[in-house]
Amino acid sequence: MIQVKGLYKSFGNQHVLRGVDMQIQAGEAAIIIGRSGGGKSVLLKHLTGLICPDKGEIKINGIDIVGMQERELLKIRREMAVMFQGAALFDSMTVGENVGFYLQREGKKTAAEIAKAVESTLELVDLRGVENKWPSDLSGGMKKRVGLARAIIHNPSIVFYDEPTAGLDPVVSDSIDKLIKRICEVKKVTTVVITHDMRTTRTVGERVFMLSEGQIYLTLTPDELFASKDPKVYQFVNGISEGDDII
Amino acid sequence: MSQIWELIVGVCYSLFRGDWKMSDIVNQIYLIGVRSQLVVIVTGAFTGLVLVAQTYFQFHKFGMDTMTLAVNSVAMCSELGPVLAALMVSGRVGAAMAAELGTMKVSEQIDALRTLNTHPVDYLVLPRIVATTIAMPVLVCEAIAVGILAGYFLGVYILGIDPVYSWANMVNITSVDNVITGVIKGIFFGCLISFIGCYKGLSCKNGAQGVGEATTDTVVSASIAVLMLNFFLTLILSKIFAVL
Ligand SMILES: Nc1ncnc2c1ncn2[C@@H]1O[C@H](COP(=O)(O)OP(=O)(O)O)[C@@H](O)[C@H]1O
Ligand SMILES: [Mg+2]
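Listed in order, the protein sequences are those of chains A and B.
My numbering puts the first residue of the first sequence at 1, with every later residue one more than the last.
My numbering puts the first residue of the second sequence at 1, with every later residue one more than the last.
Isolated chain A (complex conformation):
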């Protein structure tokens, strides 16, 4: 379970998060939507302890991670997987080395066991025979899949996705959406997806948090979201840019 209370974060005089309160239940598929530059990635980095807030509380499975030392956070993060917006693959390593990185560093498994785990995890994300390719030789969608495989190889219980479908064509986007849903079901993980893609929201989401002006403006189900008459929600869902005071 993820609990956030009164989270504030500013960069200089830019107040990105201004009192975020939210709660994500274990096993739930939560979607965080909001405008580009609205602080979604910043919020995700707080949830994973990559950034320290100015103020507020973040509890992961009941443990407050605010102000923790990096080495303690590493232990907390063993329960987490993050798929980054740009995939963030290590470009000095092959795909196989990227995916096997966690197990390799952990040093508990033999090379053969790691190779097997890499193969089966890549299969889970619908990739085969790419172990020896370099990240620079992959398409955008493949990179994201590899990033996901690398993140989930150690069977974490919470998976975070930062804009999993941004910059991909609709067909690839759809396959990624299905993949997220499948991983959520197969691995029984808590899923947190950050997106402004309404299709992802519809396909994957069980609960939607709308981030606006540095706060959670609304929490609702996808059905409620798409039926909402709230002007802000309506404009966002339908992609209308009129009016200057939206989101």
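What the hints contain is simulated information worked out from the structure, not anything from laboratory work.
Since we're looking at a predicted model, the values are computed, not measured.
A portion of the hints provided could be inaccurate.
Said to hold, decoys possible - Taking lysine-lysine and the PhoX-like style, the derived pairs with C-alpha atoms no more than 20 Å apart in a straight line are:
{"no.": "1", "chain 1": "A", "residue 1": "K229", "chain 2": "A", "residue 2": "K188"}
{"no.": "2", "chain 1": "A", "residue 1": "K116", "chain 2": "A", "residue 2": "K75"}
{"no.": "3", "chain 1": "A", "residue 1": "K143", "chain 2": "B", "residue 2": "K21"}
{"no.": "4", "chain 1": "B", "residue 1": "K21", "chain 2": "A", "residue 2": "K108"}
{"no.": "5", "chain 1": "A", "residue 1": "K178", "chain 2": "A", "residue 2": "K116"}
{"no.": "6", "chain 1": "A", "residue 1": "K178", "chain 2": "A", "residue 2": "K188"}
{"no.": "7", "chain 1": "A", "residue 1": "K59", "chain 2": "A", "residue 2": "K75"}
{"no.": "8", "chain 1": "B", "residue 1": "K205", "chain 2": "B", "residue 2": "K105"}
{"no.": "9", "chain 1": "B", "residue 1": "K21", "chain 2": "A", "residue 2": "K75"}
{"no.": "10", "chain 1": "A", "residue 1": "K143", "chain 2": "A", "residue 2": "K181"}
{"no.": "11", "chain 1": "A", "residue 1": "K109", "chain 2": "B", "residue 2": "K105"}
{"no.": "12", "chain 1": "A", "residue 1": "K232", "chain 2": "A", "residue 2": "K178"}
For this one, chain A is given, so just place chain B with the ligands on it according to the hints.
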């Protein structure tokens, strides 16, 4: 400034308690040490050559030809070998570290490491600093040896200095202290250059432009830091050797 301290403390902690791997250090020694040899050897050779040539031209006027090689060897050992090797390594290794870590920082690869149960200092910084600190004194010794040899060949075979007296003077005047000075300076310079490269890389911001800035910054800061530290090391080491 506080971030510099934080990294220094982080590196010290990592050295004793961190989860670093010997294989990463060995790999870095190869990348940093073995691959820098050519640059350092060429630098050492031409420095020795030009120093012998210039010294000979002056000393020849006073009939002090046989002191030429001694001047070269003392200067190479305690000053020119370590400083010039360090300047070349700043440009080659320091810049590469800043560019590599900077790229990893701006493309979220460092954040990715942190989510994969890996402390960036254990995995990236410590192996680089340890490897450079080990490789640098070796590179310095190579620069010194090549510089002295190149100088000897120029002096004896081209300028026609008497080899027997020159050799005797060189061995007499160059003390073990000079060589040790060079090696100790190499250790400090290696540590300094790699620290600056890693620090600039990790604190990199603003995308590709930031990586460029971090790289140039590293070369400039590391070169200046090497020259300044060299002066203080010369003073301190000469005091220490005077006492011993
Ligand atoms: N490390 C940082 N330093 C300064 N500003 C930042 C930093 N990270 C994010 N920001 C700023 O915070 C705002 C929100 O960014 P982000 O969370 O990436 O938006 P998005 O919702 O599109 O993911 C942006 O205006 C960005 O410039
Ligand atoms: Mg973002």
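Cross-check of the supplied hints:
{"no.": "1", "hint": "A/K229 to A/K188", "in the structure": "violated, 33 Å"}
{"no.": "2", "hint": "A/K116 to A/K75", "in the structure": "violated, 25 Å"}
{"no.": "3", "hint": "A/K143 to B/K21", "in the structure": "violated, 27 Å"}
{"no.": "4", "hint": "B/K21 to A/K108", "in the structure": "holds, 14 Å"}
{"no.": "5", "hint": "A/K178 to A/K116", "in the structure": "violated, 24 Å"}
{"no.": "6", "hint": "A/K178 to A/K188", "in the structure": "holds, 15 Å"}
{"no.": "7", "hint": "A/K59 to A/K75", "in the structure": "holds, 14 Å"}
{"no.": "8", "hint": "B/K205 to B/K105", "in the structure": "holds, 8 Å"}
{"no.": "9", "hint": "B/K21 to A/K75", "in the structure": "holds, 19 Å"}
{"no.": "10", "hint": "A/K143 to A/K181", "in the structure": "holds, 18 Å"}
{"no.": "11", "hint": "A/K109 to B/K105", "in the structure": "violated, 29 Å"}
{"no.": "12", "hint": "A/K232 to A/K178", "in the structure": "violated, 28 Å"}
Taken one by one, the earlier hints fail for this structure at numbers 1, 2, 3, 5, 11, 12, listed in ascending order.
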